[in-house]
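Chains as they are written, first to last, in the UniProt record's numbering: chain A, 1 to 257; chain B, 1 to 261.
By construction, these hints were calculated from the structure, which means they are not laboratory data.
We put the beta carbon where it would ideally sit given N, CA and C, even for glycine.
Every clue listed holds true.
For the chain A half of the interface with chain B, some residues (derived, Cβ under 7 Å), not all of them:
#	residue
1	THR29
2	ARG30
3	LEU42
4	THR53
5	PRO167
6	ASP168
7	ILE175
8	PHE182
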Amino acid sequence: MRKDINISQYAFVIRQLARKEHIKNTSETRLMELWNVANPLLYMIIMTAFYSTLFLHDIENYPLFFLIGIIHYNFFNGITSGAINSLADNKNFLLTTRLPNNVFLLEKVYSRIIYLFYQSIALVILLIYFRIPVNLSLLCIIPILLVAVFLHTGIGKFLAVWGVLFPDIDYIYSIITTIIFFASGLMYPLSKLSVAARQVIVLNPLFLLVDMTRDCVLYARMPELNSMIKLILTTAFVYVFGTIYFEKSKKEIMMRL
Amino acid sequence: MDSNINSMSNIKQHFFTIKELTAREIKRKYARSYLGIFWSMLHPLLYMVLMSMIFSTMYGKRHNDFALYFLTGYLIWSLFSNATKTSMTALWDNKAFFARFKQPKYLFVFSRIYTAFVNFLFSCIAYIIVTLFFGVKFSPSFFMIFADVFLCMLFIIGLSMILSLKYIDKRDIKYIYTNFLYLLIHLVGLYYPMEILPENVRNFVNLIPVYLYIKTARECILEGVIPDEITIISLVAWSLGVLFLGMIYYKSHEEKILKKL
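Only chain A is shown next, with the shape it has when bound in the complex:
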């Protein structure tokens, strides 16, 4: 019984924090809350317009090919980079209230999910505009995104603890995310890459996410079961150990803050 109450309080706090963030960002602007929708849309429009004009390779529908990759990358980057400072920046809240530590991480996840949602709307519009045929395999996007959320949250948990324990990790991490950007096969299909590069990239869970999404959204085919299994295993591992590490480090964090 008690646990139930905690969960709904949890959700309430998270939504409130996210709202506070949104309002702080959009207060006193002309468009106000509309910017939460307009921003991701504008981003998509700019990217599509640009990549449509390029004579880049002979890949069909390159803008969409690339956009799907970039959306996943931004989702990953937004959550994990935001996680690093989620504890350190909110020192006051954490020390003076009885909020559980991961509230701020979850708030970040929640806002990025909303941002992703609006980007998806733009993506759907683009699918229609480019007349991409779709079938039921499109529904596979739901489990894919679900796995993505858990994966990124798991990584975020490690990073949130390290953000407190190891200073300067945000600089190091920004270098790492740059490496990941180029190691996720976002820009070229696997067939265009060297054998060596291919072997490295298929180990990257972010690539698996992107590849499976492209399969079910762009090419109207079922994503590879193999990839899904690898992903689920990786995600489970990361999430479970992330949570355990997070809980175990509570004392140390409190001391450091």
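Since the structure of chain A is provided, determine the placement of chain B on it from the hints.
Below, chain B without anything else, positioned relative to chain A:
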């Protein structure tokens, strides 16, 4: 005579204030950091080395100097984008101090620009290290870079004065400007050689001032050529034009907009 001496000491005071404001920002930024200000140089160096490795393997022997092409563009671009983005919110962020701050308010804007410039200088150190490693041939056209950066700074100052006031007036400007930068970063061909763009787009891009600063830097350092007269005239015209526009706009709108606070 007296007023001259007064304005000299005023200017000295202004510089001092700018330096103090910048020092405060830098201290705050590296408060929790272990390596501290050393990161200002290490981070760009790491990034440049990483991108060089990536682009060298991606484009291989064909475009050996693509890495340098990228780094040069990146250097100038980050100066421009960081300076304008941070200075846009300078007035708004410091509005609490306005009542007690006796000196001109635009010093807050200048201090942010100065901070970005200091970071740029640190990045230059990293840039020089990397270009030396790549064995770029020195040529007298290198000195053109000083003029290029100087003109770019004038442009930045003018633009920032307009943006910082507009931001107080309409907070939407931040979103509009961020998206505008997204568009711009693609048009100036940071990550792609310009050949990829179709002809008409390239012609359009040649008119964009930020692109001109980047193109000049690339030409001076990588190709060892001084830009042609048209480019030089455009550069100077844009820099002085935007600077004066910014100052005039600021002088005429400062009171009206600050009243809104």
